[in-house]
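J.: One letter stands for each residue in the lines below.
2 protein chains.
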Amino acid sequence: MTGPRYTDLIQSLPSTVPFVGPEEQERARGAPFRARLGANESLFGPSPKTIAAMQAELADIWKYGDPSSHELRHALAAHMACAPENILVGEGIDGLLGNLVRLLIAPGDAVATSDGAYPTFNYHVAGFGGVLHKVPYVEDHEDPSLLFAKAHEVGAKLVYLANPDNPMGTWHDGAKLTVALDDLPEGCLLLLDEAYIEFAPHGTAPTIDAEDPRVIRMRTFSKAHGMAGARIGYATGAAGLIKSFDKIRNHFGMNRVAQAGALAALEDREWLAHVQREVQSARDRIDQIARDNGLTTLPSATNFVAVDCGGDGDFAKAVLDALVARDVFVRMPFVAPQNRCIRISCGRPQDLDVLAEVLPEALSEARG
Amino acid sequence: MTGPRYTDLIQSLPSTVPFVGPEEQERARGAPFRARLGANESLFGPSPKTIAAMQAELADIWKYGDPSSHELRHALAAHMACAPENILVGEGIDGLLGNLVRLLIAPGDAVATSDGAYPTFNYHVAGFGGVLHKVPYVEDHEDPSLLFAKAHEVGAKLVYLANPDNPMGTWHDGAKLTVALDDLPEGCLLLLDEAYIEFAPHGTAPTIDAEDPRVIRMRTFSKAHGMAGARIGYATGAAGLIKSFDKIRNHFGMNRVAQAGALAALEDREWLAHVQREVQSARDRIDQIARDNGLTTLPSATNFVAVDCGGDGDFAKAVLDALVARDVFVRMPFVAPQNRCIRISCGRPQDLDVLAEVLPEALSEARG
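Chains as they are written, first to last, in the UniProt record's numbering: chain A, 1 to 368; chain B, 1 to 368.
The shape of chain A in the complex, shown without the other chains (with noise of 0.2 Å):
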């Protein structure tokens, strides 16, 4: 007997698992780690009232969540200063980026990106048989006009940007993005993930008008709001781009207890204030500890932070190694020459403390 009959696309698409969690690392270790700083999860948590508000839905967790997400794209659409028509709600950014990615990108069709920026955006546009069109980094930062001028020379037909950056934490003011737009090829949608907007000072949220056809945003309570684990997300666009999906997407994909969990974040302005004074003061503390070891950081306007190791991709790996034997959950970006760093997230004192513990030693492991 033979198997099923995959598609030629999924054919060609490498059998490698993409992603490792820090569990199969455990696992593969037979040891917990002390300090889970590689994921840029928020560990100050959600707020009380988003747990008291999901603890509550539990008991309704045998219905279905509202497949218009309602109440919450209501909430969003209010905060964002748009209608509710210009809204989506989805399974995290991921999910989120999925289908955008389906929409639009049939094999054949080009996709720019910068080269070593957020690796399931890759995945995905691989996934649907896109040709990515890479642009470098330029000084650790992602470059709207490099990004904006390759699209014009593949015709792409979307393009992603995050601000802030992910790895490095760096960004761009809002008010140059806007500029920038106007270099974007007619026909070529920005997707502009602003995962960790909440980090970032104020103006680097670019003002752009919800029905602008040019951009499609997306936002998480994956970070800031510390729901990683609850799987949701957010798209502010035209809405006649936010209607396409509801071709494709899985209608009934909410869990209920994310959504109500969201509804309540949202509204819970005092602990997200409070969150970014954490994250404010971790950010701090990780530049400290660098300092404390001959290392410098970049500036962040993040959860998390990009230790410079002061040598080659390799070096910087080392001491990952080194920290992640030690305990230390971190990650790294992958290309060069941002690969000369590790990604630090911003975690509580005690998880720093951690770090601030082993790194030493992992330097020294690294060097020696």
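If you're looking for bench data, these hints aren't it; they were derived computationally from the structure.
Honestly, I wouldn't trust all of these hints.
[To be verified] Partial chain A-side listing against chain B, Cβ under 7 Å, derived:
hint : residue
1    : 7
2    : 42
3    : 94
[Claimed, not checked] Here are some chain B residues the structure puts well away from chain A; computed CB gaps all over 12 Å:
hint : residue
4    : 46
5    : 52
6    : 82
7    : 124
8    : 190
9    : 205
10   : 287
For each residue, glycine too, the CB sits at the ideal point set by N, CA and C.
Using the hints, position chain B against chain A.
T.: Chain B alone, transformed into the frame defined by chain A:
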């Protein structure tokens, strides 16, 4: 400025919203339902141990879920008497369906199903450009012989069969399916949807080696385990097929509270037995209510009952509308002759009291 450039396939798909939830109906009506009996949710809820496990897991909701669902996958392997490599955990059967169709179906590829069977499967097939070939129900049963003959005729890569069936509640003995499998064409995969299997008589689930390359079976925590709003289901199939999902699935797509709840639900066999007893009582009660009103019901191996309204589809629709107008949420089959029935989920005694109260008026209105 022009908008985004959608793929040809996306442009060919209908713009109508294919699925409407009961919340949307409630908003349109301006009133809540008194009895929610339309979506085959489990009104008996998840087990208290499942709720407790989910509550406890909320403390860790700031962490992404384990992308390999390691612990749950191993528990499911023990449950299904196969290897963990034969198990895939996903975002409900709907999510698993979408990814399976994506693996196999390119535009123009043939797929076989029954006319009136699960519409979400059809939605995903259309969404990837597949061509659906339908065979009729035979005496209110999906018919494996007709399905497999059609698959032969059209060269289908995939054939859908639910056992027990939704929306009719009928079923086939597992041994009969095992024999019928010999007629499945070479290179055609049978998707066996067992969403309702826990409500079926012993022997309904066929004995199929997990490594049999002809079959992938899907089950869910949405029905008997009362976790529809959590979005978690699983597939069992040959290791190579299961691994192929790693090429396209949303690796960090699982809600970690759902993962924890599913593990607890799987272990609580007592609660499952309780729900099975309650569902049997509810099936009997729905049958009695139908008889009290001069109607008949179909035998059911699910947590719902198809009530034959004794007329054509228009008459059944009139009964349904009259029930909805009286605050009872129900749905109905959408293809003749199955659409002579309405489909009523197994509610608690208080839910079925409402049905008993309003059905006479609804019938009177529909007749009148």
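J.: What are the numbers of the hints that this structure violates, sorted from low to high?
T.: 4, 5, 7, 8
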